[in-house]
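**Student:** First to last, the sequence lines map onto chains A, B, C and D.
Position 285 of the first sequence, counted from 1, bears residue number 285 in the numbering used here, the numbering being contiguous throughout.
Position 27 of the second sequence, counted from 1, bears residue number 27 in the numbering used here, the numbering being contiguous throughout.
Position 353 of the third sequence, counted from 1, bears residue number 353 in the numbering used here, the numbering being contiguous throughout.
Position 64 of the fourth sequence, counted from 1, bears residue number 64 in the numbering used here, the numbering being contiguous throughout.
In case anyone wonders, no lab produced these hints; they're calculated from the structure.
Where hints are given, some of them may not hold.
Remember, identical chains collapse to one label, so a pair may be satisfied in a single copy or spanning two.
Heads up, simulated EDC-like pairs for lysine to aspartate or glutamate below, C-alpha to C-alpha not over 20 Å straight-line [to be verified]: (1) K6 x D60; (2) K227 x D60; (3) K216 x E280; (4) K243 x E350; (5) K356 x E85; (6) K77 x E350; (7) K227 x E111; (8) K243 x E280; (9) K230 x E274; (10) K356 x D60.
Number of protein chains: 4
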Amino acid sequence: MPGKVKCIGILTGGGDCPGLNAVIRAVVKDAVQNGIQVIGIRDGCRGLGDKHMAALGPGDGSNILTLGGTILGSSNKDNPFHLIEKDKSGKIHYHDRSRDIPKNLRRVGIEAMVILGGDGSMTVANKLSHMGLKIIGVPKTIDNDLMGTDQTFGHDTAVSIATEAIDRLHTVADSHHRVIIVEIMGRYAGWLALRSGIAGGGDIILIPEIPYDEKKVGEAVLERRRKGKKSSIVVVAEGAHPKGGKMVVDRINPFSAERIRLGGISRQLAHHLEAKSGVETRSVILGHVVRGGTPTAFDRNLATLFGVQAMNLISKGQFGRMVALRNNRMSSVPLVQVGGKTRKVPANHELIRAAKSIGVSFGA
Amino acid sequence: MPGKVKCIGILTGGGDCPGLNAVIRAVVKDAVQNGIQVIGIRDGCRGLGDKHMAALGPGDGSNILTLGGTILGSSNKDNPFHLIEKDKSGKIHYHDRSRDIPKNLRRVGIEAMVILGGDGSMTVANKLSHMGLKIIGVPKTIDNDLMGTDQTFGHDTAVSIATEAIDRLHTVADSHHRVIIVEIMGRYAGWLALRSGIAGGGDIILIPEIPYDEKKVGEAVLERRRKGKKSSIVVVAEGAHPKGGKMVVDRINPFSAERIRLGGISRQLAHHLEAKSGVETRSVILGHVVRGGTPTAFDRNLATLFGVQAMNLISKGQFGRMVALRNNRMSSVPLVQVGGKTRKVPANHELIRAAKSIGVSFGA
Amino acid sequence: MPGKVKCIGILTGGGDCPGLNAVIRAVVKDAVQNGIQVIGIRDGCRGLGDKHMAALGPGDGSNILTLGGTILGSSNKDNPFHLIEKDKSGKIHYHDRSRDIPKNLRRVGIEAMVILGGDGSMTVANKLSHMGLKIIGVPKTIDNDLMGTDQTFGHDTAVSIATEAIDRLHTVADSHHRVIIVEIMGRYAGWLALRSGIAGGGDIILIPEIPYDEKKVGEAVLERRRKGKKSSIVVVAEGAHPKGGKMVVDRINPFSAERIRLGGISRQLAHHLEAKSGVETRSVILGHVVRGGTPTAFDRNLATLFGVQAMNLISKGQFGRMVALRNNRMSSVPLVQVGGKTRKVPANHELIRAAKSIGVSFGA
Amino acid sequence: MPGKVKCIGILTGGGDCPGLNAVIRAVVKDAVQNGIQVIGIRDGCRGLGDKHMAALGPGDGSNILTLGGTILGSSNKDNPFHLIEKDKSGKIHYHDRSRDIPKNLRRVGIEAMVILGGDGSMTVANKLSHMGLKIIGVPKTIDNDLMGTDQTFGHDTAVSIATEAIDRLHTVADSHHRVIIVEIMGRYAGWLALRSGIAGGGDIILIPEIPYDEKKVGEAVLERRRKGKKSSIVVVAEGAHPKGGKMVVDRINPFSAERIRLGGISRQLAHHLEAKSGVETRSVILGHVVRGGTPTAFDRNLATLFGVQAMNLISKGQFGRMVALRNNRMSSVPLVQVGGKTRKVPANHELIRAAKSIGVSFGA
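Chain A extracted, bound-state conformation (with noise of 0.2 Å):
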């Protein structure tokens, strides 16, 4: 039997999103039951360099459930196996800066890290784990792209938000007979679009697995019209693309270099659409919006159950493992099978299916 861990650390990292606080109250209220002391790490990974580290009390975990965002703040671009720094002369360079992460935990007490994020954090956390350090993570994303789980939590409430938006959508397009186009985040997979497309009542959903022809596009519409069918919604993953076509890149991110996409599909395509079948066409790019505020009870509840689950890892000393839920239960993955991948919609999957079912296209 492993020797019991009496300090963990806990650290959220990537793109903020719905339930981030309901796993950090999880994790706090069940240390507070086992009296096992929880330290927060700000900012991400930023913060195990720069030593910003505090313990949570049991208070911390109070009326944070329904909190959006994250408590403990958070950062997506501080790899700290390839931090990006900045010379005087404005030159970007990258450094490892991992070496001194155990000893900076050691300082402060910390024997095992609860790191919460997505793809990119699960490499890190993958990573800290080969380095020796006691690792579990705890899978996030909106997108619900990443390995190993079925489902990440924020992914519920991401396509509630984004349904009730193509709802509100719906009697704009009725009133005056057009199509509205509709950009949701997904840059690599489509759940969120295809979620909230076929929620929403969308009639034409296209997602980044699926390239779709510009021209079925717009035939779907006419189609549509023959029948006496007026306006048209039509849901689009941010990062989906016409067959042969690539992901429309906006602008490079002067911090990171990294390459931001700003939303500009469904701009792209508004254009096409009226230009072709002379129908109104309107874009929406809903952006943000969908990662933000209080998470649904889905939510709540898969982020406390991640949250627990983490603990329970954490107290048979079962490390380097990422929380994961596996046909509707509790389960636990290894890290190494998670980072750097993506969990795409399979283009056969009963979703899918269903749509194509009752009517929807996919534009291919």
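Once you've looked at the hints, dock chains B, C and D against the given chain A.
**Tutor:** Just chains B, C and D now, kept in the frame of chain A:
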């Protein structure tokens, strides 16, 4: 290969539930795609006898996805095998009116039936199936207590509404340092109270599966006070009851001779708690509010999958079955395995274990 | 010109109400801009005697705009002029504990007080003002029944929550061809039931100002049936009562000897309606749910305007007044004109006339 | 006394707006009570020429209260006095098609018209009135920029939706220490951005009435940083512009030759802010989402009052007027005073003064 079904009937039985219209929509849209005629039966099983039937055209599937309730109407007291009738003196008699059903269906050309409902409706569906009719059941209950499926549509919506109400009551309890007891539907199974209780940050959760000790409920409240937490939220399923006690039953339904619970356990408990602990206590009974209105995105998608799956079973000639969600995938089970049973919350369910781990009391 | 006030106190009294924190935030932020110190008094008027006071810094105004309830705590039974105390035998005595208040305030340096509350708190505020203290009142009640202001914050939120609940109940009533009676807070004034009743499409609205005739309520339901409308929604204020009848009173508050209404008129009426009309009838009591949670945008803005207006009055040295909304503009009225009165719905109010014009029955 | 009108027409013009159906419902229900026939004109003013008209029976007022958009359809480019037509070569011509309108109305028996719409529709309504037709206008615009009425329905709903979105974006900004710029509809008047900006706790609010200085916006962000507030929310009306600058215009509507703004000021400002301040900045354009979906309780009630007031004016024979809310009461104004004007936010409006008092910057 079975002869292709050309015309189906559809009815919604039992208490109403968010998502019924989403299933009807999916069935109608799928049928339109496959050249199958759909006939809607009015007001649940009553329509089978009364011949209240009308064809549902393509347009009838439009604009109902977001609509709560059922466009077909329902009835939760017209079991055709056990129909309640009052004679002139007001005395109640039961009759078996099932004999005419096959003839009634044949007259309008219905070859197979899709029956949406809960435990009672699935029992009727099974009996009709045994009479030789081609029946597909679709599970529906906000309580999520139906055998054979991991989840029913409507449940997530009810959990969401109840959670939102609990969120509101927190601020009331906090401002006044009160105990607030929220009573939530769930006569025999505590899924709804359990899920909304955890998602809503309930401090004490009482469900039918775990008879509670009033003394321990009071102690849990006072223990929280000692820790400086001046308010407490108790979430109680209407069917919860003290050890050795019984559900509170308020009156007899004058139409059905059925015992009707109007809510009461929360009032009884509030009275008890206030008297024993001296802490101001209020009770709120959410009642029918949790079963109405627009379904969540989750429930719309589950309902759509169920509707399409029902049509798949029909096309494959697999009758006498209920569509089901099992291990996160569409599936089906024989109707005979469903009726007359209740899927209760297992005492060691991971939600209960997680809740205990973060300090929730079950009063036991 | 009056000497500039350097330090103010703020307290929230009476039942909690969405928007209290938005007022506190506006007062703190305005004070910070003007170099004024703010001291928060805990738990309503109780804090005046108990000396539970703490400085509110700039950060205390952050992140509370959307929060329901009050961060200061409240109490609706600690009138310092008439304090309830129990002796050892449990007997209740009333004491005037107001004498020490000026001294208590002076000790911490408070020169002027902002008191948020309803009728009771404004009465206390007026008495404190007559003792020579510098007092500004801010009107608060979900019932909107306070004299001197066209609207109070919290009311719009309560109307919204109640309307959303009525929306949900429509689908339940429609699916089952039932009458559903929704009981909504409002002991003496029917603003809440009236506004949510019209907004929720209620068919019959019963308010305290218009005693109803049970027979006419039944007739209205049956008349709807005759026109083919199988369901009806009755919206009833908790203080509504039949002609010649009285409000239903359920019990006596053991702490305050005050009579407490737990809701009941809806149950009584449901029983009566079902028995007389033979139509299935259910009742739902929304209770405290309508007073909790995040305020609407309307109430946040009204609360912010009120908070700033309170600070304006302080800077002008206009004490003994309550801030008010009059003819769509910020204004103020002498406190003496507010307490001990109730702003009821006039029988010919344009909302009542409009409701009647579209066929709503008031049961009279 | 004027001869009683027996048959009226109703149409909805301009951009859609939550509450249009609530007005239609009130008009239909009031008309049913008074034995007046209502005829719905399809697709705004286009229907006046195309003779797309259909009687609205009692049932047409049912179940539409909560529905966004308009059951009659709308059009915002079919001014009958200035109709756009393309010739074969694609060239655009304008025609006056108003001459036939009286005849078209007479043919179906319409004696008076209720016209719901914004500035453009009220201008048309006024011209029709001058042609001798009996016209009542009902003010509609989410922007609340219509002359003659203190408020229009739809505005409160749009404010609510925008505020909820800003709530969500706060958690995103906080978690990542970012500036987020939210762009909200409002070309010429800033009511929507102002109300949702204050209600949403915006730190900087930019409206068309107060041209901003980009430098001061940047300073406001940096000043917040210095005070330890790492994130900032900038709420910007689409029509806001820098001092000496102009609204961003993206393209020309190919149908109407009208200039269409697709949003852009927020992107332009984000780019500028990030470059100058070095603080990560993101922009979100809410777009059409704020004009769709279920109206708030407030807007349903205002719409109902407006609908009934329109019928009152008809019964009194007071034509050529627009119904209005003035000083919290139903009123009316001559149509001639409404069209062609814009009700802007006065620079010293109490909302602006209040916002400044609590530290909000207007960038000026």
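**Student:** Each hint needs a verdict: does it hold in this structure or not?
**Tutor:** Comparing the hints with the structure gives:
| no. | hint | verdict |
| --- | --- | --- |
| 1 | K6 x D60 | within (18 Å within a copy, 33 Å between copies) |
| 2 | K227 x D60 | between (57 Å within a copy, 14 Å between copies) |
| 3 | K216 x E280 | within (17 Å within a copy, 39 Å between copies) |
| 4 | K243 x E350 | neither (23 Å within a copy, 45 Å between copies) |
| 5 | K356 x E85 | neither (48 Å within a copy, 39 Å between copies) |
| 6 | K77 x E350 | neither (35 Å within a copy, 35 Å between copies) |
| 7 | K227 x E111 | neither (65 Å within a copy, 28 Å between copies) |
| 8 | K243 x E280 | neither (24 Å within a copy, 33 Å between copies) |
| 9 | K230 x E274 | within (14 Å within a copy, 42 Å between copies) |
| 10 | K356 x D60 | between (47 Å within a copy, 19 Å between copies) |
Violated hints, listed in ascending order, are 4, 5, 6, 7, 8; each of the other numbered hints is respected by the structure.
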